[in-house]
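Protein sequence lines, in the order shown, are assigned to chains A and B.
Quick note on the numbering used here: the first sequence kicks off at 1 and runs consecutively.
Quick note on the numbering used here: the second sequence kicks off at 1001 and runs consecutively.
The hints are simulated quantities; they were obtained by calculation from the structure and are not laboratory data.
All residues carry an ideal CB built from backbone N, CA and C; glycine is no exception.
Worth double-checking, as some hints may not be accurate.
Cut-off 27 Å, straight-line C-alpha distance, at most; resulting in silico cross-link-like pairs (DSSO-like, lysine-lysine) [to be verified]:
| # | chain 1 | residue 1 | chain 2 | residue 2 |
| --- | --- | --- | --- | --- |
| 1 | B | K1373 | A | K24 |
| 2 | B | K1373 | A | K168 |
| 3 | B | K1047 | A | K85 |
| 4 | B | K1057 | A | K24 |
Now the in silico label distances, taken between C-beta atoms and shown as ranges [stated by the list, open to error]:
| # | chain 1 | residue 1 | chain 2 | residue 2 | range |
| --- | --- | --- | --- | --- | --- |
| 5 | A | Q52 | B | G1002 | 31 to 37 Å |
| 6 | B | E1154 | A | A167 | 23 to 29 Å |
| 7 | B | D1204 | A | R12 | 45 to 51 Å |
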Amino acid sequence: MKIQEKVYFLDRANIDTDQIIPAKYLTGISISGLGPHLFEDLDMPGFSQSNQDFQEATILIAQENFGCGSSREHAVWALEANDFKVVIAPSFARIFRQNMFNRGLLAIEISQSEIDQMFNAAGRMVNCEVDLNEKQIKCNNGLIFRFSLDEFAERLVREDGLVGFVAKNY
Amino acid sequence: MGKTLVQKIFDGHIIDRPSAGTVALEVDLVMCHEITTPPAILDIQNKWGDEVFNPNKIVALIDHVNPAKDSATALQGKVMRDWVRRHDIKFYDVGSNGVCHALLPEQGHVLPGMTIVCGDSHTCTHGAFGAFAAGIGTTDLEAAILKGVVFFREPKTMRIQLDGKLSENVYAKDVILYLISQLGVKGATDYVIEFCGPIIENMDMESRMTICNMSVEAGATSGLCYPDGQTLEYCRQRNLEIESLIWDWQPDSDAQYDKDLLFNLSLLEPQVTFGSNPSQVKSVTEMAGTKVDQVYLGSCTNGRITDLRIAAKILEGKHIAKSVRMIVSPATTQVQIQAIQEGLAEIFIQAGACFTNPTCGACLGMSSGVLAKGEVCASTTNRNFPGRMGKGGTVHLMSPDTAAATALRGFITDPREVI
């Protein structure tokens, strides 16, 4: 299983789920319709949802404690609606990380120094290949990073999420 | 080697180990509110024939927007009502409800040793009873509703012993804000914290709930206190006989923790956040004088009767500053009734505060006190993230005592100055 796609860098620690999807959009009964509001209230210099690099990216590279705060899975649904498949960060909040795996998306943790290397290469690094079999991230600028993944998380990602897994096995 | 409390609770609930490091736990209580549950209900209806694993182990309620503020939130409520009627699930509707983490303990649904999940990050509140309680997303919630099973990594364990004696005007909220400042916002990620020591032992259940409630703000999966006489008394008042549970759900004396921390808090002062995450904390003396536009008293952290009593004591016979507005939102209908009966509601209203119905409301910028851009709120809630209570607004977290003192002057005020 390989994902070779464009990356987008979000250089801020502790981006909480309120910043990923504001609470005012939590009033629906379905998981659709959240796409246009992803990062709507993220007040960050240089960031714009209409930026072409952001729109084309499917791999998000972020800083520590990404997805902290509210348990709202709407944050993951909003990422999904914008075709994001992978978030790479030094650390995630537990509930967000599990929500990603439960939906079959990848939350990959690599060390802060490796993330720093990625951010230092931000101008030149536009593509990554995330290889789930080899547990390896290959960047177009030649950088290669190894990662590990919790066995259960990998199973969920490969089996396309939690509910099917549970219905089949329990 | 002895076991910690959370290890014992896990041992009693493990039904499977699907992969190395992950356990499948049997769920004793699934709590369902109107924001995160409807998508799960609809997906189960579409794919799995509208099943629920056991209606007696599910409790549902309306709390985030109470009552509905528009047709979208009304539809969330309708999906909940239709679902609980189809399955005969216990439901707390508008008029008899409250913020879930205050309501369920109050109504006697929470006991030591239970496993409790909800699509809400502050579910860790219920750990105050010596239960394992954790927030989950909607997909996990769907699996829990469908099969009564939930998955967790084997937890890392952390013991936090709190020694000393709290000074006057220093409360549970000050304790947990200080601890988060010491741990950092991800210092307890993937840990389950067990809080103990004389300071916890001397706290009532509502204060313990405040402590456990915010353990997630340090990243923790859950935060627990060991059941004791306080727990027994609180449950007895709800006709729950739990004497044997008190003894069953204790850690072994030789339990080993992955991290073992000790703090002496005798010199702790009232605490207030600055900045935009809950680990950015200073003592009130350093923050005093910061002007605020709104004071908010409420939420699953500090909207219980003891919180209202503390604030009312400061406000009795006085009026809030002209430059400020104050909103008091009792956490549950029962707290609302009690506040009226004890005369607290009148104290708040006479002091110039708006006394509202129970709701999560403004804590997450949903309703009933949302901030405008550039406004500052002194709040007894749990999160000061950017825009949390309204886009462009700033939040300073503090205790009900400090919040009430702040309301009197219109700027952050040391409660020790206004006694």
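Going down the list of hints, with the structure as the test:
1. Only pairs whose Cα atoms come within 27 Å are accepted, and K1373/B paired with K24/A is accepted, the gap being roughly 15 Å.
2. Taking the CA atoms of K1373/B and K168/A, the gap is about 49 Å. The hint is violated against a cut of 27 Å.
3. Of the pairs offered as hints, the one joining K1047/B and K85/A holds, with about 24 Å between alpha carbons and a cut-off of 27 Å not exceeded.
4. Taken as a hint, the K1057/B and K24/A pair is broken in the structure, with Cα atoms around 30 Å apart against an allowance of 27 Å.
5. With their beta carbons about 58 Å apart, Q52/A and G1002/B fall outside the hinted range of 31 to 37 Å.
6. About 24 Å separates the C-beta atoms of E1154/B and A167/A, a value consistent with the hinted range of 23 to 29 Å.
7. For D1204/B and R12/A, the hinted distance range of 45 to 51 Å is not satisfied, since their beta carbons lie about 39 Å from each other.
Hints 2, 4, 5, 7 from the earlier list are contradicted by this structure; the remaining hints agree with it.
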